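Asks: Once you've looked at the hints, dock chain B against the given chain A.
Protein chains in written order, with our numbering: chain A, 189 to 304; chain B, 984 to 1096.
Simulated from the structure, these hints should not be mistaken for lab results.
All values derive from a computational prediction rather than experimental measurement.
All C-beta atoms, glycine included, are put in the ideal place defined by N, C-alpha and C.
Some hints here could point you the wrong way.
Claimed, not checked - Cβ-to-Cβ under 8 angstroms is the rule here; a few derived chain B residues that face chain A:
| id | residue |
| --- | --- |
| 1 | Leu1010 |
| 2 | Asp1013 |
| 3 | Tyr1016 |
| 4 | Leu1026 |
| 5 | Leu1073 |
| 6 | Gly1088 |
| 7 | Gln1089 |
Single-letter residue listing:
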Amino acid sequence: AQSVTQLGSHVSVSEGALVLLRCNYSSSVPPYLFWYVQYPNQGLQLLLKYTTGATLVKGINGFEAEFKKSETSFHLTKPSAHMSDAAEYFCAVSNTGYSSASKIIFGSGTRLSIRP
Amino acid sequence: DGGITQSPKYLFRKEGQNVTLSCEQNLNHDAMYWYRQDPGQGLRLIYYSQIVNDFQKGDIAEGYSVSREKKESFPLTVTSAQKNPTAFYLCASSQTGGDTEAFFGQGTRLTVV
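Chain A on its own, in the form it takes in the complex (with noise of 0.2 angstroms):
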């Protein structure tokens, strides 16, 4: 079964520093890995995603993010933080789908604060 875990349920960092959020995945097959952005009570949006190929994956507003097969991580940075970057984050797996039993599993979410 796929799994993901994310470290921290909440990380707090000054405008202008670094952000790191941290995800961990299990998963038996080739991995697809995904992050999203919620901001209050509204959808979730799609950050970037990875399925093959480069390991980096950069997307949208900034961030990017680092698929390492050795160390089932694929955590989520940007190099200088934005107000307008507090929201909750969550990482996700989805499997190869190659079958019908396709699905998206959710980690449990990392809220992110930026402090002036």
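Replies: Then chain B, alone, in the frame of chain A:
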């Protein structure tokens, strides 16, 4: 514009009543999903469907039911058997294949009164 529409945005239910949450998409996606979101627990999968007239239980299907009679629609019924239904419910859709992302609606907040 293409997207996913959930309605209503807010819903109040009396104990013992069934309520149905609507989810419609015009993205021509085959797969649709229902998630429940509670504070600190992330998104938990209730039901998902890969094709019309077929759906599978997720991790927390007890007390919920769905139908998929049309490709565009995937309504969720919260039955009286669901003991703690107060939550934020999110509907999503995607192409099949696992490597494509899910697109989400804006959610329905259900409160039991």
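Asks: Answer holds if the nearest beta-carbon of chain A is closer than 8 angstroms to that of B/Leu1026; otherwise answer violated.
Replies: Holds. Min distance 4 angstroms.
Asks: Taking the least C-beta to C-beta distance, is B/Tyr1016 closer than 8 angstroms to chain A?
Replies: Because about 7 angstroms separates B/Tyr1016 from the closest Cβ in chain A, which is inside the 8 angstroms limit, the hint holds.
Asks: So, B/Gly1088 near chain A? Judge it on the closest CB pair being under 8 angstroms.
Replies: At about 5 angstroms, which falls below the 8 angstroms cut-off, the nearest Cβ of chain A leaves the hint on B/Gly1088 intact, so it holds.
Asks: Holds or violated: the hint that B/Leu1010 contacts chain A, with Cβ atoms closer than 8 angstroms.
Replies: Where the cut-off is 8 angstroms and the nearest Cβ of chain A is about 13 angstroms from B/Leu1010, the hint is violated.
Asks: Was the hint right that B/Gln1089 lines chain A, CB cutoff 8 angstroms?
Replies: Holds - the Cβ of B/Gln1089 comes within 8 angstroms of chain A, reaching about 5 angstroms at its closest.
Asks: Against chain A, is B/Leu1073 within 8 angstroms by beta-carbon distance?
Replies: With a closest approach of 6 angstroms, the B/Leu1073 hint holds.
Asks: So, B/Asp1013 near chain A? Judge it on the closest CB pair being under 8 angstroms.
Replies: Check failed: Cβ of B/Asp1013 comes no nearer than 10 angstroms to chain A, outside 8 angstroms.
The structure fails hints 1 and 2 (numbered hints given earlier, in ascending order).
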